[in-house]
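These protein sequence lines map, in sequence, to chains E and F.
Counting from 1, one number per residue, gives the positions in the first sequence under this note's numbering.
Counting from 183, one number per residue, gives the positions in the second sequence under this note's numbering.
Check before you lean on any hint, since a few could be wrong.
To be verified - Coverage of chain F stretches by chain E, computed from C-beta distances (three or more under 8 Å per stretch; other residues unrestricted):
1) 498–504
2) 511–518
3) 549–558
It is worth saying that the hints were derived from the structure and are not from the lab.
A virtual CB, placed ideally from N, CA and C, is assigned to each residue, including glycine.
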Amino acid sequence: MHRLIVILPVALFAGLIGVMVALLTDSERNSDLSRLPSPLIGKPAPAFDLPAVAESVPGGFSTRDLKGQVSVVNVFASWCVPCLAEHPMISQLAGQGVAVYGINHRDKPDAATNWLGRHGNPYIAVGADLDARASLDWGVTGVPETFIIDANGVIAYKHVGPVTKDVLNKKILPKLREAEGG
Amino acid sequence: MIAEIGQFVLILALVLAGVQATLPLWGAARGHSALMVLADRTAIGQAAALLIAFAALTHGFVTSDFSLTVVFQNSHSLKPMLYKVSGVWGNHEGSMLLWVLVLALFSAAVALFGRNLPPSLKARVLAVQAMIGVGFLAFIIFTSNPFARLSPAPLDGTGLNPLLQDPGLAFHPPLLYLGYVGFSMAFSFAVAALIEGRVDAAWARWVRPWTLAAWTFLTAGIALGSWWAYYELGWGGWWFWDPVENASFMPWLFGTALLHSAIVVEKRDALKSWTILLAILTFSMSLLGTFLVRSGVLTSVHAFATDPERGIFILAILALTIGIALTLFAIRAPGMKGGGLFAPVSREGALIANNMLLTVAAGTVLLGTLYPLILEAVSGGTAKVSVGPPFFNATFGPIMVPLVIMMAIGPLLAWKRGTLKTAAHKLIPAAIAAILAITVTFILVPDGPGLAPLAMGLAAWLAAGTIAEWAGRIKLFAIPVPESWRRLKGLPRATSGMTLAHLGLAIMIVGITGSSAWRTELITTLVPGESAQGAGHTVTLSAITQGRGPNYNYERASLLITDKGREITTLTTERRFFPIAGQTTTEAGIYTTILSDLYGVIGERGRTPDTSNAWTVRFFVNPLVPWIWLGAMVMVFGGSLSLTDRRHRVGAPRRAATPGAASQPNPAAAE
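Construct the entire structure; sequences and hints are all you get.
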């Protein structure tokens, strides 16, 4: 009897390790940076009306602009290094003819204008969200974040963090096709 | 260059740990004293190497060397110096470095101060300690290198998590790690004893001071963390049963049980295999906590940047360390025969009850923390639940009640065979105090929750029982006062430490009860100059000012608090926006008296045009909340006092000494 009791801790522990291995190796679970799905997916894009960043930058835009075609809304800022990292991917999307809108999150108009001038402006229109009120309505927790909006103005997909080549090919592009097809 | 030195000594530490984990073990098995002594040298060498590595990383942060990836990701040139330094451990890589540094420092302390340990036991303890070190050093070097360079070096960093930019939190992790990792000593001693196949009173005497030191640090660390959560998170609460809080609380519960069961091994040569198991479990909880926080298995405000590869690595360390220790336990434990026999009603019996309750409590917390994970794994990811405060409040509280009742009784029982009658006689003051506390509480707050007066009675019972036991030791008022004074001075510090630690818990219960039962709050929106009534006070938003801190912008509100026209205080609360991190934090304004905290927080500004000049204001009256941290301080002080007991320093009697050889110089001190 005593022998069995002393084996119990090892046995329980082995079971626990099994559970942990199952959780860690579950690739589906780990593939998503934000494991909690956004409550906004499947809901209409929040109402907003953002002004242009500066006269030289096309914009701003509002909820109405997002209806009628599938579009991508990218939240970015000039002070955000990952935004610079994803910039080529966003430009590539725009180059393929996707309507990409930019929400300029808590930025200085001058800095944003310079940044777009230096790295290129892929956006059809940029809205200045200096106090992050609109970003808040979008449920943005950090920059960059990228949303796919279908033709009815409903949020179809949300990506948190920079859009890497991998994310672009495996997530964004398939979801875009899905949104266009549906 | 300095970072490369850090990188080099980090690898050197791994090599030293590898040597220390193997050769001394071999030496102990074969009786080669030269190989056993080698462990001392490598332990000290390892600690020195890691100190240099830690200094090198600190240098990187202090000089804002953004060519280092961790510095770039976690620091910023505008950050105040204090937070540049605390930034060293405010991230995954640096905190792991601190983790192994603490581990190595504990080993070095054994090497330096453990002169009276038998050479074979010392060699084995250090070897086990080094095995853990090898695992974590390899983890750091292969998956979380703090000295990784970035090219080209960015101009400036991305900043520390703004929530961590706070003096309370700056020192919270080091304390916590000293506690967490300190339990590795008890673990290594336990595994070494299993290898030797021998546990005796002397062993328990060597283990206790290390456990006590770790326990004291962990108590301080948890208290500091909860204090930080209280004033920084702005929710007015101080404990949230967050998985990461639980991760630090579980080793504390097991460690507390271990402290008490080691006393039984030391004094009575009983409970051996149980104590060994507790030592293993305590450190296992520390490892589990490290794993949960860093693997990304859990989602929490505390979770570090996650990476499945790292998770698998820590899991492998965890599985090997705990798995081997528990297997060794399963093989060796049946052979360990306890010596001391005792009746159920005895000091031993009370300590066993204490152990059972603490273990069940720890098991409850463990279950609540892991249940969502287990369910998710079993259901294949379809079932997701979260277990929150209602579960823990409903299960943890009821376990604590008998524990606290026992705490007053246990110290009054004699070893081997106690009588309830004598104890009951000594507990009359405690019973009177409890009834008095219940009555007074009920009269003062008749409309509060019904359980609150009972909880206050419990606290009074524990406090009065503890004081009565202390008074009995020094025969207060039974003999002339100078005579009592002499006895008080002769009281072993370990005994006084126990009295203080138990009193600390009583004080803490008062605080917990007060803040959870009688908290009142007012949540409203105010335009500057406007007032609102609530929570027994009038709150006026007297002014809002805006300004700039070193790396943030703030909105600062002054809240004038009056009670029936009498001005009490003006609370200053801030909302800080950190543009670099894009995050907002709040600083609560707190006015503390011994009886309560007035706690004010400013929230968001209104978003629609007609509310754009109004701010959300939350105001709490948290009765007795300061008692929670006062109690924790008393507990920490008790632990520290006990650590300075000369018996710990003089060391244990030699093994195989006759049982009477350890007798106390002072008969009053016979515990």
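Results of checking the hints against the structure:
Evaluation of the coverage hint for the segment 498–504 of chain F: fulfilled, as 3 residues show C-beta separations to chain E shorter than 8 Å, against a requirement of three. Proximity of the segment 511–518 of chain F to chain E, defined as three or more residues with a beta carbon under 8 Å from a beta carbon of that chain, is established by the 4 residues found. With 4 residues having a beta carbon nearer than 8 Å to a beta carbon of chain E, the segment 549–558 of chain F meets the requirement of three or more and the stated coverage holds.
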